[in-house]
Amino acid sequence: MKVRIKRSLGWQDYSVVLPASAYVLDALEEIGKSDPSLLFRHACHHASCGSCGLRLNGRECLACITPIAELARSNQPVRLEPLRNFPIIGDLLVDFGPFMAKLDRIDMPLVRQAETHPTDGLAYTRFENCIECGLCVSACPIVGSDPHYAGPAALAAVWRSLEEPRQPDVPRLLQLTNGEHGAWRCHAAFECTEVCPSNVDPAGAIMSLRRRFMNRKAP
Amino acid sequence: MSPPEVIIIGAGSTGSALAHDLALRGLGVMVIERAGVASGTTGHNQAQLHSGARYAVVDPESARECISENRILRQIMPAALELNEGLFVAVSAVGLDYAPRFIEACQDCGIPVQKIPVEQALRWEPMLNPQILAAVQVPDGVFEPYRFCLSFLATAQSNGAEVHTFNEVVGVDPQRCQVQVYNRQTGKTQAFAADAIVNAAGPWAGKVARLAGVHVEVEPSAGVMVTVDRRVCNQVLNLLASPGDGDIIVPQRNSSILGTTSWSVADPDNIPIPPEHVEQVFSVAEQMVPSIRNVAVRGVMAAARPLLVVEGAGGRATSRGFACYQHSAEGAPGFFSVVGGKTTTARLMAEKVGDQVAAYLGWDRPCKTRTTPLLSYRKWLAQPISQ
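In the order they appear, the protein sequences are chains A and B. Counted from 1, the first sequence has number 20 at position 20 by this note's numbering; the numbering is strictly sequential. Residues are numbered in this note's numbering as their position in the second sequence, beginning at 1, plus a constant of 1000.
In isolation and in its complexed conformation, chain A is listed as follows:
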């Protein structure tokens, strides 16, 4: 199988032998054994940590749950590139700092109350669906044009917080997102929702935020 990786210094071709059931991450790990200089991040291998996002043949995906065999059937190499709209540390490794800073402003909780509480006494919490992988930010055609744009993940987080208001600062959240760098900056390309591996639907959340702002303004 041929894999072409966009590294810091340019494209590099690799050839790997993998079982039919392999994922893109398996290919990277295999390549890493013979070329330890290749930088990429991974941890959970089941789409929960959100650390292995990249672009595969131009499309955002999580390396850990994307089967590679089907893509490799043709003679063309599989192309892997780092996420867009993130500073690159090296090769496929990107800097999550600015992204985390945006999420931090919103103070999105990682843990939520479960949405369905059965009638007889089971109270439990669960993690948010958003795994903060940044695929939506990479796929968004607007993020690159406005560095101050909150971006799909953060806006989806705001919508979650408004849906389940556990923090007292709802007015601040509305103020943060009802502006030119907030929900109104989105051009409704819906790429974020398309690539989200966790069914968060950031674009839907942005549209819901807009409806909420509109309703508030209505007499």
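Just so you know, these hints were derived from the structure itself, not from any lab. Mixed in with the good hints there might be a few duds.
Residues of chain A clear of chain B, computed beta-carbon distances all greater than 10 Å [to be verified]: (1) Lys2; (2) Arg4; (3) Trp11; (4) Ile31; (5) Ala43; (6) Asn57; (7) Glu70; (8) Arg79; (9) Asp146; (10) His148; (11) Pro165; (12) Pro171; (13) Glu180; (14) Glu194.
Capping the alpha-carbon separation at 25 Å, the derived lysine to any residue pairs in SDA-like fashion look like this [stated by the list, open to error]: (15) A/Lys33 x B/Arg1210; (16) B/Lys1188 x A/Gly10; (17) A/Lys33 x B/Gly1171; (18) B/Lys1379 x A/Gly97; (19) A/Lys6 x A/Asp201.
We treat Cβ as the ideally placed atom computed from N, Cα and C, and that holds for glycine.
Using the hints provided, position chain B relative to the given structure of chain A.
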């Protein structure tokens, strides 16, 4: 006078918790990790925050440690845990017979345990097998292994620890307490020295020990896990029976992790996934959730647990317990190897190893990690990677 310095090899749950433990004691800490945080066994985790119930009958000591750590983690890292309880369900007469012994063992270990009427369990868990004969609730939960480690490391860093990811230890001089480190980003190899070195490389601990010319026995034992694309249960589901392969379903976010199996592997970097193990995981899981095969598979993974090898009267046996070896007999009193353990009890391991390392260094500040809340994992991610 500057405090003694400790190099920790590995940023999985053991290394991360230890970095926090030692930094909180005021020691100088440098963590060296060959890839990203939690990129080894800890990351590839079924993510069950154990209540200890699983071990109550077979290993009461581990069970007591689990419930104690479970309570501590709820206090110090609530943001990295899903507090969703656990249900042990009996699907056969064998399971039903096991129930009284199981409940008594849990009570003996101080694990809150409650029998739940079957109808109530089915209301809580609509996808649960309607044929179950009994259900018992315990305070299991779910953690996020990556953010578990990041919380420890973010806090360690705020207390002065240096963390070097994407840096691989390629040589160890255990007598002089030096390591040779290959920086994957710059391509350069550099030497670092400290007053003590702790080998916290999990199933790779044997490999690191070989680099150091000392002996550590650790058995990498692989397990297969299957993640499905739906949250099939609200609580962690366990088969009520003596612990076996594939008998746990862990819900995490909007997916569920089924597992796990167990077989010995020579190289933790090379674990081919046997298809029959995937089948076995499904066949046990469907006893608890009969429709499990109708749910799309999200991914299949394998990881190697670092099993502690115990030489006893009955011969060689392995354990999920842990040990910290000081390699004094091999002329390297400043070189320590941590072997075994599990993520739920990582903080406790770090406390015990920290006590041992601090005693060796003549540093008499006690462990404070039991009561120190951890910083958010975001504090770690919000800064550029260590060079």
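Outcome of the hint check:
1. Non-interface status of lysine 2 of chain A relative to chain B is upheld: no Cβ of that chain comes within 10 Å, the nearest being about 22 Å off.
2. Interface exclusion of arginine 4 of chain A from chain B stands, the closest Cβ pair being 20 Å apart, more than 10 Å.
3. Remark: the non-interface label on tryptophan 11 of chain A is consistent with the geometry, its nearest Cβ contact in chain B lying 19 Å away (cut-off 10 Å).
4. The beta carbon of isoleucine 31 of chain A sits about 13 Å from the closest Cβ of chain B, which is more than 10 Å, so the claim that it is off the interface holds.
5. Annotated as non-interface, alanine 43 of chain A brings its C-beta within 10 Å of a C-beta of chain B; the closest such distance is 3 Å.
6. Under the 10 Å C-beta cut-off, the non-interface status given to asparagine 57 of chain A relative to chain B holds; the minimum distance is some 19 Å.
7. No Cβ of chain B approaches the Cβ of glutamate 70 of chain A within 10 Å, the least distance being about 15 Å, so the stated non-interface status holds.
8. Arginine 79 of chain A, annotated as away from the interface, keeps every beta carbon of chain B farther than 10 Å; the closest lies near 22 Å.
9. Separation of aspartate 146 of chain A from chain B is adequate, the least Cβ-Cβ distance of about 21 Å exceeding the 10 Å criterion.
10. The Cβ of histidine 148 of chain A lies farther than 10 Å from every Cβ of chain B, with a closest approach of about 17 Å, so its non-interface assignment holds.
11. For proline 165 of chain A, the condition that its CB be more than 10 Å from all CB atoms of chain B holds, with the nearest at approximately 18 Å.
12. Distance check on proline 171 of chain A: its Cβ is at least 23 Å (rounded) from any Cβ of chain B, clearing the 10 Å threshold; non-interface status holds.
13. The claim that glutamate 180 of chain A is not at the interface with chain B holds, since no C-beta of that chain comes within 10 Å of its own (minimum 25 Å).
14. With 10 Å as the threshold on Cβ separation, the claim that glutamate 194 of chain A sits away from chain B holds: the shortest Cβ distance comes to roughly 17 Å.
15. With a C-alpha separation of about 19 Å, the suggested pairing of lysine 33 of chain A with arginine 1210 of chain B holds against the 25 Å cut-off.
16. Proximity of lysine 1188 of chain B to glycine 10 of chain A is assessed by CA-CA distance (about 20 Å); at most 25 Å being required, the pair is judged to hold.
17. Between lysine 33 of chain A and glycine 1171 of chain B the CA atoms are separated by roughly 17 Å; this keeps the pair inside 25 Å, and the hint holds.
18. The hinted pair formed by lysine 1379 of chain B and glycine 97 of chain A meets the criterion: a straight-line CA distance of about 9 Å does not exceed 25 Å.
19. The straight-line distance between the Cα atoms of lysine 6 of chain A and aspartate 201 of chain A is roughly 29 Å, outside the 25 Å bound, and the hint therefore fails.
The structure fails to meet hints 5, 19 from the earlier list, while all remaining hints are met.
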